[in-house]
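**Student:** Sequence:
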Amino acid sequence: MRCTPRPFARRPPAMLRGVAVGLVLAALGCSVVPQNRREYLADPTMQVQDDPLEARASRKLWTSREGAAGGDAKPAGGGCGCSN
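For the sequence shown, counting from 1, position 37 maps to 39 in our numbering; every step adds exactly one.
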């Protein structure tokens, strides 16, 4: 009986090493922000939404449209959102 080499025999350890390197790099990017530097992260330019009023209107629209009861930390309502 003749042994034939498997072409992907060395692939899992290399892939495992790649995943491990990726996890280490991702972990190095995590850090705790000191209390005196959090003011820079709370700056309005660092927010995902540009306009907070537009974001609130959009949330209200989607919670009433989807019927999400309490989805926006508000008491469960219902219907079309006319009474809010």
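It should be emphasised that the hints constitute simulated quantities derived from the structure, not laboratory data. Treat the numbers as computed from the prediction; the structure is a model and nothing was measured. Built from N, CA and C at the ideal position, the CB exists for glycine as well. Just to be clear, a hint being listed does not mean it is correct.
[What the hints assert, rightly or not] Now the in silico label distances, taken between C-beta atoms and shown as ranges:
(1) 61 x 16: 44 to 52 Å
(2) 16 x 62: 48 to 56 Å
(3) 57 x 34: 38 to 46 Å
(4) 29 x 52: 30 to 38 Å
(5) 60 x 34: 30 to 38 Å
(6) 60 x 24: 51 to 59 Å
(7) 57 x 37: 21 to 29 Å
(8) 40 x 60: 36 to 44 Å
(9) 64 x 31: 25 to 33 Å
(10) 58 x 15: 50 to 58 Å
(11) 52 x 32: 37 to 45 Å
**Student:** Take the hints in turn and mark each one as holding or not.
**Tutor:** Hints, verified against the model:
The beta-carbon spacing between residue 61 and residue 16, approximately 46 Å, falls within the hinted interval of 44 to 52 Å. In this structure the hint that residue 16 and residue 62 lie 48 to 56 Å apart at CB holds, the actual value being about 51 Å. Look at residue 57 against residue 34: about 27 Å separates their beta carbons, and that is not inside 38 to 46 Å. For residue 29 and residue 52, the hinted distance range of 30 to 38 Å is satisfied, since their beta carbons lie about 32 Å from each other.
In this structure, residue 60 and residue 34 meet the distance hint of 30 to 38 Å, their C-beta atoms being roughly 32 Å apart. Between residue 60 and residue 24 the CB atoms are about 34 Å apart, so this pair departs from the stated range of 51 to 59 Å. The hinted window of 21 to 29 Å between residue 57 and residue 37 holds, with their beta carbons roughly 26 Å apart. Residue 40 and residue 60 have their C-beta atoms about 26 Å apart, which leaves the hinted 36 to 44 Å range violated.
For the pair residue 64 and residue 31, the supplied restraint of 25 to 33 Å holds, since their beta-carbon distance comes to about 31 Å. Distance hint check for residue 58 and residue 15: the Cβ-Cβ separation is about 51 Å, which falls inside the suggested range of 50 to 58 Å. Our hint of 37 to 45 Å for residue 52 and residue 32 is violated, since their Cβ atoms are close to 27 Å apart.
Checked against the numbered hints listed earlier, the structure breaks hints 3, 6, 8, 11; every other hint is satisfied.
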